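If you read the sequences in order, they're chains V and R. Taking our numbering, I'd label the letters of the first sequence as residues 1 to 312. Taking our numbering, I'd label the letters of the second sequence as residues 1 to 312.
Bear in mind the hints are in silico, worked out from the structure with no lab data behind them. Please read all numbers here as calculations on a predicted model, not as lab measurements. Some clues are possibly wrong.
One copy or two, either will do: identical chains are not told apart, so a pair holds if it fits within one copy or between any two.
Listed below are the simulated DSSO-like cross-link pairs for lysine-lysine, each with C-alpha atoms no more than 27 Å apart in a straight line [unchecked claim]: (1) K50 <-> K177; (2) K145 <-> K132; (3) K166 <-> K262; (4) K50 <-> K132; (5) K177 <-> K292; (6) K292 <-> K166; (7) K132 <-> K262; (8) K292 <-> K145; (9) K193 <-> K214; (10) K193 <-> K90; (11) K177 <-> K166; (12) K262 <-> K214; (13) K90 <-> K166; (14) K214 <-> K50; (15) K292 <-> K262; (16) K145 <-> K166; (17) K132 <-> K90; (18) K45 <-> K292; (19) K45 <-> K90.
Number of protein chains: 2
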Amino acid sequence: MTATLAIGPYNASERPALEETFQAHIVANATEACGLEAATRAEIKAIAYKGHLPFGAAEMDLFPNLGVIANYGVGYDAIDVAAASARSIKVTNTPDVLNDDVADLAIAMWISQGREMRQAEAWVRDGNWATKGDYRLNRKVSASKVGVMGMGRIGRDIADRLAAFKTEVHYHSRSEKQTPGWTYHADPVSLAKAVDFLFVALVGGAATQNYVSKEVIAALGPRGVLINISRGSTVDEEALLDALENGTIAGAGLDVFVGEPKINPRFLTLDNVVLQPHQGSGTVETRAAMAKLQRDNVGAHLAGTALLTPVN
Amino acid sequence: MTATLAIGPYNASERPALEETFQAHIVANATEACGLEAATRAEIKAIAYKGHLPFGAAEMDLFPNLGVIANYGVGYDAIDVAAASARSIKVTNTPDVLNDDVADLAIAMWISQGREMRQAEAWVRDGNWATKGDYRLNRKVSASKVGVMGMGRIGRDIADRLAAFKTEVHYHSRSEKQTPGWTYHADPVSLAKAVDFLFVALVGGAATQNYVSKEVIAALGPRGVLINISRGSTVDEEALLDALENGTIAGAGLDVFVGEPKINPRFLTLDNVVLQPHQGSGTVETRAAMAKLQRDNVGAHLAGTALLTPVN
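If we strip away everything but chain V, and leave its shape as in the complex, we get (with noise of 0.2 Å):
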């Protein structure tokens, strides 16, 4: 008998947090939560969420009891938040703790598209380096003039970032923030068109589907690098194949993409983009603090007090 249930591929550390801070039963998905018997359903109180498998208005309803849908992660668009408030349950997420880790390899994933770095490591490791000569010139990053799509926290600490390797910083938000001297496009393909390199860091889900559309990728050009550590959803994936294979624009680095992790598999055959397997948050640290937010959240709902990060 237990108030919380925990869904989702919790790790070797994370589990026993969980049945030791809750006592909590642990699924592997929203299909096997949704099997457990009636009275089981009827004692949970918290839910516990880490997936990107939708979590709607027929899973809440096998559970009269929640109260709060604690989701692991900072985007919470697998989770129906119209259909909780309606029901007066709390969602919570993970913001802030993965923000450092997102922005570095949002830069990382920059810098290695330009210097092809990719590329340039094979170059050594196939032991042939002093045979083949040096490897070809590529291109410059820094100093460059750069765009973030989505001034949210992610995209303000990428930008800072940014800001180090002396680039022009241009960005696009539903409003204008306050900056350091940046950039304010009202209109995304006018931020599109002002720069070499976009970074994606947009909040996912309806709102934002497709976002990046064919016309922001166009917009970018021949010399134009488009970053996306936000979700798949926000870019018209079909048009940045057609634009990387066409060469309409230069290339792309990507930790993100629609239908992950059964990806499209045009990328894998692309020389000009950086692939990376949705590992933006994914470090023993950062998944430690998203973890604990998580089960915080659990805990003040529980215990009565306020919740540390809600949405709704």
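Since the structure of chain V is already known, use the hints to place chain R on it.
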């Protein structure tokens, strides 16, 4: 008949610039230069030098009217400056114009090593991400303790970037510098003990041979990572290889090697290192700026005006 001799592997944009500006005679290397007829050698007042093969007293004595050796690159350890000075030959280099690129690559090797980006990219590219599941968690690099060995122009550019990653910056150099609150260590071993990530930005040459000694490497410890963008000679490479193979340090990011491009094959099988083919300054933009600065130094000497970037 020409007063300018260009020695080295100049590329397709550099060669015509040298020929058009100075009617330069271009040869592939110092050996070929020394094989020129005595009358031709006697006409040479300026040498534009590119490469890592030594150019010393014996070579200089073959050019009785030589007044300047303009080196392509910030590191001029291939040129015997003492021998040049003894002959009233000025030496110039190409500082500053390459700082950004070298610092960029250092930062990217740092993140790439910690975040295992090479392995993570292979995880995506083999097409089996969905079958294999998530790539393993790795290591946060932001907000860590970092050290810079050698706080010259490039060291400073690295440290400025590192500061934007919320790191705690430590450094070692011959003397304490004006810095924004960074911690100075008079002793290199003390620096290595204080940090997890150590960036080597020393000047090359005899004075810094194996400056990153076995003791410095040992002081980094099992969580320590060494990033070297200076010269292979600055690091005791045998000690580094032993430490990498034995796990007495965690890893390395290396753009420079002893004996490059014929590097020690022990590096090629290591999975905890990022290997780059000495491409720190290897961008189209920066190499063009380096070539121009080299030509400007040659031109200044021939015109009898002040050299732009003399080193002696």
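- [ ] Identify every previously stated hint that the structure contradicts and give their numbers, smallest first.
- [x] Of the numbered hints given earlier, those the structure breaks are 1, 2, 3, 5, 10, 13, 14, 15, 17, listed in rising order.
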